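Please build the complex by placing chain B on the supplied structure of chain R, with the hints as guidance.
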Amino acid sequence: MELQAVLMAAGGGSRMMDLTYNTPKPLLPVGNKPLIWYPLNLLERVGFEEVIVITTKEVQKMISTDPKVKLDVKMKLDLVCIQEDADMGTADALRHIQQKVKTDVLVVSCDLITDAALHEVVDLFRAHNATLSMLMSKAHEFTETVPGQKGKKKTGEQRDFVGVDGTGKRLLFMANEADLDEGVVIRKSIMRKHPRMHIKTGLVDAHLYCLKKSVVDFLADNKSISSIRGELVPYLVRKQFSKSTNSPKVIDETHQNLKKNDSNVNLEIQISSRDEELLHLTQERSCWNDHRGDMSDAYHGGRLRCYVHIMDEGICYRVNTLAAYIEANRLAPKLFDEPAVHPSAVVSERCLIGADSIIGASCQISDKTSIKRSTIGVSTTVREKVKVTNSIIMHGVTIEEGCNIQGSVICSNAVIGRGADIKYCLVGSAQRIEPDALPFETLLRPPCLRSTLTPTSTHRSTHTQCLFKQLNRNNTCLC
Amino acid sequence: MADCGEPDGPGNKDDITRSKNEGKELTKEEKQRLRKQKKHQKKQKERKNEKGPSETEKDKTPVSLLPPPQPVATQKAPSALPAPASAPIPVPASAPFHSSPAPSPADKPAKSKAELKAERRARQETDRAAKQPGSSSSGIKTKVPLSELNPVVKRLPEHVQVDDPAVVKRLAKKLERQQIPLRSDYGYKVSLFSHLHQYSRKAPLTQLLSIPSTVIHPSIVRLGLQYSQGIVAGSNARSVALLHAFKQVIRDYTTPPNEELSRDLVNKLKPYISFLNQCRPLSASMGNAIKYIKKEISNIPSQCKEEEAKTKLLTCIDRYIEEKIVLAAKAISKYAIEKISDGDVILVYGYSSLVNNILCEAFEKSRKFRVIVVDSRPRLEGREALRRLVQRGISCTYVLISALSYILPEVSKVFLGAHALLANGYVMSRVGTSQIALVARTYNVPVLVCCETYKFCERVQTDSFVSNELDDPDDLMVTRKGKTQLENWQDVSSLGLLNLVYDVTPPDFVDLVITDLGMIPCTSVPVVLRVKNLDQ
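Here the protein sequences come in this chain order: R and B. Following numbering that gives the first Met the number 0, the numbering of the first sequence begins with 0 at its first residue and continues without gaps. Following numbering that gives the first Met the number 0, the numbering of the second sequence begins with 0 at its first residue and continues without gaps.
Excised from the complex, chain R in its bound form:
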């Protein structure tokens, strides 16, 4: 077996708590399919037959019991549960399943929606015998207005600095702005070997990694690394150029003393394989070199190599913020060929459904409704004379007559009263909007769960801007 797929679905969705406080992130509906369906579909299309899914018990229960969550994938899913409150990072999760990992792994995150050609990433991994191979994409500006936020936001999202060589494939440098004190520091050893480096900042990391088995074993020995993206990847990228990896003296020593506790040396032992002499002979006789202009052999004699495939075109989104979620909903229909209107939906003839809207199963759309550029979830009821534009309506929502919903996200099981005019709002799960309410750019959700949420800046800002106070009849603030 060449590669094993591991799907990380235990994340909490900490950057969009408004959506995920009730529904776990892997099961958020995007285009009326649970978010986890997209990476699973990607793996299935490419030809995987088995996937190890690392998730929480709650998600596992919902997958097995909830009929609305239908994962119609033909692959065999091996669900591994971890405790929700254990606060495990992605690397910790990999360490947890170390026993199941028998070959090189392909780690995918559950919030990845992409139509990338995976063979590009895996070909880099195979051809150059790389230790790490990852996927990145040019970031696209989000064009949709995000409900609950005044104007176009530009939160100080920490930039990622990614340095690649002249071919654009070899990963030379990776650092996050948060880890850098004053400026970008590049070691001389890198510059000596790769005098030309292109540093890019506008890239989205797809969180798709091909890792050698030796890296997983290395993680098992080094319990200090807890996140793949945050710690393991920068470590491996730095390790490519460290002196201890490349000096032949150290490599000889490692072959002799197999029991050393030094983490550097451990990685080296595990990288070397059988028939090393034949591979060395091949490289010696082959006339290929990955760089020109200096006297060193191919790969500068380094045994640890990290590669990246940067996508120029195509869809690649990580649904971990509200803006990304909305954007993904717009584009998700392009990724699968199902009909826009589900056959089991009851749609009356006198309603106007735009071409880029999706109607879920068992919906009831009454007369004189207009639905444009929106997604209507499963088992939703939409009464007469409702106008829904640019919105996402999840499952089990009831929208009474005469409502006008624009640019909003209505979570599952909410009830929108008659005549409500909702613009750019996010209505939480199982909320009730009173009839004739006029919320504008607000986030509406129950306060009781706030204690478990990590306060985000968006939450605080909208709390002070809440307009709902004036409109509620019962005089209770729902923000």
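Treat the hints with care, since some could be wrong.
Covered by chain R, per the in silico footprint, the following chain B stretches (three or more residues, Cβ under 8 Å) [claimed, not checked]: (1) 205-216; (2) 239-250; (3) 386-394; (4) 433-446; (5) 482-490.
Only pairs whose alpha carbons sit at most 27 Å apart, straight line, appear in this in silico BS3-like list of lysine-lysine [said to hold, decoys possible]: (6) B:267 / R:101; (7) R:192 / B:480; (8) B:201 / R:333; (9) R:199 / B:480; (10) R:137 / B:267.
Keep in mind the hints are simulated off the structure, nothing from the lab. Here the structure is a predicted model, which means the values were calculated and not measured. Note that the Cβ used here is the ideal one computed from N, Cα and C, for glycine as well.
Frame of chain R; chain B shown alone:
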């Protein structure tokens, strides 16, 4: 040479020995006849000097007609026959011609060349029939007699028949049966080479495969990728990488129940070989290595246990690499160093791992020489050769092949590497090698070809068209200052890009072949092949 090489057909030995004997007898006969006719001719010439020039001209043309048909006829046919037979043929050809104007000097030889040929042929047939009645006429130059000698019809390999839709369909069916995707050709192919495959590097075969490859062993997929991207290039490197991958396949192999390892493993290897062929056409050295492995596998006795059989195979592979590649390189270096003297200026072309090895060893044995590295686009492999030589401390000069004739007056020897040595003594090597050999011959510079014996191939080829490899045509595009002139070459209907990989050098331009068996002339290659066949 008394014993020239023999073809592969086992039953044809008798016919061939007989025809060779006939040939020799014919030469003696014809020589006697020739002497008589020459005496006669002299008397004629003394009488009529005017017609002399015109007759000699006409003498030459029928003779020149004879050599061309020979190479066309010999595809898989015995190469030995044309060689000794070609000598006597021009002689009897000219002889009857001389005899024809002799009796009738008055009428100009207005007969057409075809008629003259037919006359000559008829005369030869009758002579031969008179000599040995009942024997089948030996095929000298025509195709029909040759096929009588070679009743076994050899099929052309599929990779040189791409313009034949029936063959392509057959190949597609075979690949489908083996569950390997078919790689589609790319771009416009120049008409002379439309019978060969032309693939694009940007469309790898892996995009049609499932990612955790189950049908094909992962190490073979990796190898195929490395071949098609050029990461493993060069005859020796490719063979070693192939054997390394086969070792991993054998390690991971388990015999299914009710099957024998000797038969099942060979069947398992066939789809892998087709896959590698699709990624990049197999080289002659790889072909020989595969033949060796298949033979070793089928020679495993059936009562051998699986573990034992596997270890035996693995040691066989290690031994093959050690003997045929590593030790052969050492032996060749030893012979070649004798040929390098102090003060030499050695010219090398492109990158040949063997020639590089020789030069490095010679430098270590403190021979004083300098090297001129000749390079050519689009591969520019010479840069890698240059780097390795300079790294050792050898003083080098670097030129492109267009400067060859300017630099050759300085050169004392030319060392060339080979991709394969063909059974008729031709050297198949990187495109441009024949140019180097030709120009070197013009300047009377000795040309030495270094080649291990495992690259000797039983194929016969006299031109670079029949069997070659077409590389990605997009490699010929050069981007300077962000502009690529040939960017839209596909849109121009009258433009075709041709990127050839190999060419053949005739043995007349090669002075010596240095192999691990010693230093042999180019024409001894068939002998080596025969000896090798007897050994194995």
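Comparing the hints with the structure gives:
| no. | hint | verdict |
| --- | --- | --- |
| 1 | 205-216 | holds (count 8) |
| 2 | 239-250 | holds (count 6) |
| 3 | 386-394 | holds (count 3) |
| 4 | 433-446 | violated (count 0) |
| 5 | 482-490 | violated (count 0) |
| 6 | B:267 / R:101 | 24 Å, holds |
| 7 | R:192 / B:480 | 24 Å, holds |
| 8 | B:201 / R:333 | 25 Å, holds |
| 9 | R:199 / B:480 | 21 Å, holds |
| 10 | R:137 / B:267 | 43 Å, violated |
The structure shown violates the earlier hints numbered 4, 5 and 10.
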